[in-house]
Each structure stands twice: as structure tokens, then as C-alpha cells.
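*Asks:* Between the sequences and the hints, there should be enough to build the whole structure, so can you do that?
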Amino acid sequence: MPPRPETLRAALGGGATLFGRRHSVQLSAMGRALDGDLTGAHVLLRTHDQLFAALALIELDGVAARIVIAPPDVKPEHLPSVIERAAVDVVVSDDPALAVDGVRFEQVHLPQAGAAIPASRKTEWVLFTSGTTGLPKMVAHSLEGLSGAIQLAAGDDVVWGTFYDIRRYGGLQILLRALLGQASLILSDADENVADFLARLGRHGVSHLTGTPSHWRRALMSPANAAIAPRYVRLSGEIADQAILDSLKARFPDAAMGHAYASTEAGVGFEVTDGLEGFPASFVGRPGPVEMKVADGTLHVRSPRTASQYVGGGPASGGEQNIKLKNDGWVDTGDMVELRRSVGGSRSDQKEERYFFAGRTGGIINVGGLKINPEEVEAVINRHPGVRMSRVFGRKSPITGAIVIAEVVLADAANDDATFKQAILEACREKLPAFKVPAMLRFVPALELTAGGKLSRHA
Amino acid sequence: MSIETTVRAEFEQVAREQEKVLSGLSDDTVLLESGLDSLCFAIIVARLEDQLGVDPFTASEDVYFPVTLGDFIKFYKDAAQA
Numbered sequence: 085m086p087p088r089p090e091t092l093r094a095a096l097g098g099g100a101t102l103f104g105r106r107h108s109v110q111l112s113a114m115g116r117a118l119d120g121d122l123t124g125a126h127v128l129l130r131t132h133d134q135l136f137a138a139l140a141l142i143e144l145d146g147v148a149a150r151i152v153i154a155p156p157d158v159k160p161e162h163l164p165s166v167i168e169r170a171a172v173d174v175v176v177s178d179d180p181a182l183a184v185d186g187v188r189f190e191q192v193h194l195p196q197a198g199a200a201i202p203a204s205r206k207t208e209w210v211l212f213t214s215g216t217t218g219l220p221k222m223v224a225h226s227l228e229g230l231s232g233a234i235q236l237a238a239g240d241d242v243v244w245g246t247f248y249d250i251r252r253y254g255g256l257q258i259l260l261r262a263l264l265g266q267a268s269l270i271l272s273d274a275d276e277n278v279a280d281f282l283a284r285l286g287r288h289g290v291s292h293l294t295g296t297p298s299h300w301r302r303a304l305m306s307p308a309n310a311a312i313a314p315r316y317v318r319l320s321g322e323i324a325d326q327a328i329l330d331s332l333k334a335r336f337p338d339a340a341m342g343h344a345y346a347s348t349e350a351g352v353g354f355e356v357t358d359g360l361e362g363f364p365a366s367f368v369g370r371p372g373p374v375e376m377k378v379a380d381g382t383l384h385v386r387s388p389r390t391a392s393q394y395v396g397g398g399p400a401s402g403g404e405q406n407i408k409l410k411n412d413g414w415v416d417t418g419d420m421v422e423l424r425r426s427v428g429g430s431r432s433d434q435k436e437e438r439y440f441f442a443g444r445t446g447g448i449i450n451v452g453g454l455k456i457n458p459e460e461v462e463a464v465i466n467r468h469p470g471v472r473m474s475r476v477f478g479r480k481s482p483i484t485g486a487i488v489i490a491e492v493v494l495a496d497a498a499n500d501d502a503t504f505k506q507a508i509l510e511a512c513r514e515k516l517p518a519f520k521v522p523a524m525l526r527f528v529p530a531l532e533l534t535a536g537g538k539l540s541r542h543a
Numbered sequence: 014m015s016i017e018t019t020v021r022a023e024f025e026q027v028a029r030e031q032e033k034v035l036s037g038l039s040d041d042t043v044l045l046e047s048g049l050d051s052l053c054f055a056i057i058v059a060r061l062e063d064q065l066g067v068d069p070f071t072a073s074e075d076v077y078f079p080v081t082l083g084d085f086i087k088f089y090k091d092a093a094q095a
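As you go down the protein sequences, you meet chains L and A in turn.
Just remember that the working numbering sits 84 ahead of the position in the first sequence, which is counted from 1.
Just remember that the working numbering sits 13 ahead of the position in the second sequence, which is counted from 1.
It is worth saying that the hints were derived from the structure and are not from the lab.
Worth double-checking, as some hints may not be accurate.
DEER-style ranges, computed between Cβ atoms [claimed, not checked]:
1) A/Glu-46 - L/Thr-503: 31 to 37 Å
2) A/Thr-18 - L/Lys-480: 57 to 63 Å
3) L/Leu-539 - A/Thr-18: 36 to 42 Å
4) A/Leu-35 - L/Lys-377: 47 to 53 Å
5) L/Gln-506 - A/Leu-35: 16 to 22 Å
6) L/Leu-539 - A/Ala-93: 35 to 41 Å
7) A/Leu-35 - L/Glu-168: 43 to 49 Å
8) A/Lys-33 - L/Ala-497: 28 to 34 Å
9) A/Arg-21 - L/His-193: 46 to 52 Å
10) A/Glu-17 - L/Phe-189: 54 to 60 Å
All residues carry an ideal CB built from backbone N, CA and C; glycine is no exception.
*Replies:* Set out below in C-alpha cells:
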């Protein structure tokens, strides 16, 4: 295995190309994609196009002190808080319209000839994770931490493709895998339909393709999947069930298949390659860089890849700075697990003990790999005049893993009509990204409370 | 109401609610080109489970996902008979 490069730019080479929807960039010949010198800057990176986000990351790693990577659906009204908490002094974007008043702006463009700014530091990479109040929490990582699980022994003919957005944890992993392995990567685009993306993946010869189980279900529903023949199929970001694993095996019988477990806060945990849902009980307690234990029914992970700290405090922390996630390094993932005899699938004849995922503590809902705090949605619903209280929870879905369901108690039962329901949903659409808006909303006469007077979350 | 009518009605209802424009609802319509997104399909599958008492995606032993609306309707008809 080659030595791990200090910065992303130092890793570039081979014939690797980044394929965007509109532009492609040959990486070994990459010059400058930014004009200004951002040495030591605290950068907020917010782009329309993923390709420009990737170019800016290559340019800024080892140069900027901190890069805050805004996900595509960040709400503009949250930016002032993000800028203040992360002490941002430069906004980098592919669109001058995304400049922020009073903050220096640098435009990222297609690379032009020019010598790179020399690397002078270890850059802190900051990713967003769901917050309980709607304000995003920011989690700091290092390049080593983010790329710790990556084996750098990729072959020359590897072409990565991903359904993910590289500005979120899962997608960033794949970008780093490609760059550090000097392999090409085909980037997705939010405005491109599934069939066109599959055609583009096929055209560039994707060999390693990754996405959530929900992405894969969608790909299997498209006739355009005939265009691709990956050698390696990877699922992560959501719990993979046996149905999707079996479906992928049937469609791509020759491909190696793995489902990975990771979270923004705990980093990459482990990968399961036997084609069965859950993971072997022998993973718990085994030696290695990632330690796992099960306590109080939930999976705990300890790893050097664990995010080092929150940036600017969690939104609920009242502005406390840089709280360590856990003193002893163990992170409670919030994923509940159950130990059972393996009855994985029709192809399973093993009788090993295996852990199966059994939902989340705290009621976090995972819709196609995007996480939702029920309290955040309830807060929006409850703000509507005429609503007394609400309960938001997930319902299992074979298409997106889960969907968001809301039960609403009206202040005046006479309002129980479709118009009022639409008004509440309209308020949700205004305040929340689409995947957080309840897919089904029903009026109920009352909601159960616990003895302590809190909303009962176990229906 | 027949399974086919129920399925078609649910497609139209969810499209209206999610403010999507249906490109057509013939048996040959490719689901992913119908104008609906994954979230719409997730809602349709959940509602059909409530109405018809069956979720063929979860119940089925077959490992395949429907591609056209015709496949989708047949998927539900087969599951209801099983």
C-alpha cells in the first residue's frame, strides 16, 4: 500500500477524471480552480454543482484552516448562525448569487493553469448533521479520520460512481476513495433523472457503484439499469434489508456486494460482504481499528475515525464551544440491535448468531439515508394556529426505508377537513425540506402522554 | 373497487397532493418516468397497504422491482391472490 498522502492535491495522479453532468476535469493536469489565496481561512463551501465542490476541496485541503461543507438543502436562514458558530471568513461558491453580505467571496471555476498554493496545515473538515431544532449541527473531522477506512490499493481500471451527494458524509467517503486511489468518479446531479444518470454511469464505464438501499431500489425500477454492469455494488446510509440485497444479487450476479455501516458522528464502522442483512455477532468485540459493543440494546462504536468534536456547540448547548463527543471515545450510534439466529434469506444456510437492526432510539427517522428528528417536524406543525399537539414518527417503507407520519390533535375538532390538513402540510413545505414533510397526516382525538407528562413515543 | 382502479386512483391522488404532473398512466408507463418520485411511490405503497391489506414489496418471495405501471398492478394482483 502506498504511503498516505498529506493532502488531497498530493494524492492526485494517474489518468483519473471527475465526471460531472456538464463538465469533466482531468485531475492529473489540474491547475487552480480558485484565484485568491485562502491560506488559514475558515471557508463556507456552498455550490450548486457537486463538481465545483470537489474542485474547491482539492484546492483548499492543506491550505484553509477549516472547510465547512454545506449540504445542498441548507436553509439560507441558517447561514448567519453557521457563519458565526464556525467563524467563517470566506464564502466559496460557483455562483456569485450565493455570496453573503459582509463576508469575503471567492468563486470556484474550472481549473486554469497555475501553481498550487503550498500546503501549510492540517485542514479541519466540517460536515452537517441533523439538529433537533432545525439548526444544523456541525461535526469536525480530519482527512485521516474521513479516509481511515479506505484501502489505497485500487486498480487502474476502477471507475467509481455514486448516487450520493459528495457534500454529505456518505458521498464524501466515495470522493475521497476515488481521489486517494487515483481512480475516476462519476458525480450525480440533483436535477438529473435516474435514467439519464444511469446512462451516464454506463457511458463512463462505472465499475464500483454506491448508494443507499433507497437509491438502489429506484435504480432497479428503471429500465435504464441495463446500461450498467458494476463489478462492485455497495449500500450504506440506511439499513439494508434482505429484499434489496437479494434483488441486487439477482440483477448483478457477478458483482461483489457489500453493505456498510456508518454515521456522520461515529465515522465508518464496518462492511458486511456475505450478502445477508445485519452483521455477524463475531464483529462485536473483535480487535481492529473499529471497536464495537452493544450496551442497553444499542450499538456503540469507538474508532480513531470518530468525529473529533462538534463545532460551535450543538444548537441545544447554548453556544458552548467545541464539546468533545464522548470522553472515553465510545459513541452511542442510537441504532438498536437484536441478537438472533441467522435466518437471513433464502440463500442462508448458516446458523451463526447475528445482530439485526431494530430501529432507532430517540425516534430518528431515516428516509432514503436522510435523517429526521420527529421533534423538528412536530415543532413546525405545532406552530400552526388551530393545532393543539402532534406526534411524528416513521413508518417502514419498502421504497425509501421509512416515511414520515404525523398525527395531529386539533384545538377545535370541527376543523377536521381536507382544507385544514392541506394548510398544515403547506406550512411544513415552507419550513422544511421535502423529505421531512409528513407523507401522511391524520387527525386524532388525543395523543397519549407518559406519566411524566411527555408525549408518548411508543404508540 | 378493483385492485387496478384502486392503484390508479392512488397514483392520481398522490400526484395531486405532491404537486406532480403525471405524464400518463398506461400499462406501459415506466414508473420512474411517470412524473412521480421515490417519496410518492413510498406514500402510494403505504396507502395501498392500508386499503388492500397487502404490501407485495415486503411479502413477495420474488426478488424484483416493478418497472412499468402494468408490472406494478400485476404485482398487487398476484400478492392479493397469494
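*Asks:* For each hint, tell me whether it holds in the structure or not.
*Replies:* Going through the hints against the structure:
Distance hint check for A/Glu-46 and L/Thr-503: the Cβ-Cβ separation is about 32 Å, which falls inside the suggested range of 31 to 37 Å. For A/Thr-18 and L/Lys-480, the Cβ-Cβ distance of about 26 Å falls outside the hinted range of 57 to 63 Å, so the restraint is violated. At about 39 Å, the beta-carbon gap between L/Leu-539 and A/Thr-18 stays in the expected band of 36 to 42 Å. Judged by the Cβ atoms, the range 47 to 53 Å given for A/Leu-35 and L/Lys-377 holds: they are separated by roughly 50 Å.
At about 19 Å, the CB distance of L/Gln-506 to A/Leu-35 agrees with the hint of 16 to 22 Å. At roughly 37 Å, the beta-carbon separation of L/Leu-539 and A/Ala-93 lies within the given 35 to 41 Å, and the hint holds. Range check, A/Leu-35 to L/Glu-168: about 45 Å between beta-carbon atoms, so the 43 to 49 Å window is met. A hinted range of 28 to 34 Å holds for the C-beta pair A/Lys-33 and L/Ala-497, which are about 32 Å apart.
The hinted window of 46 to 52 Å between A/Arg-21 and L/His-193 holds, with their beta carbons roughly 49 Å apart. Roughly 56 Å separates the CB atoms of A/Glu-17 and L/Phe-189, a value that falls within the hinted 54 to 60 Å.
Of the numbered hints stated above, the single one contradicted by the structure is hint 2.
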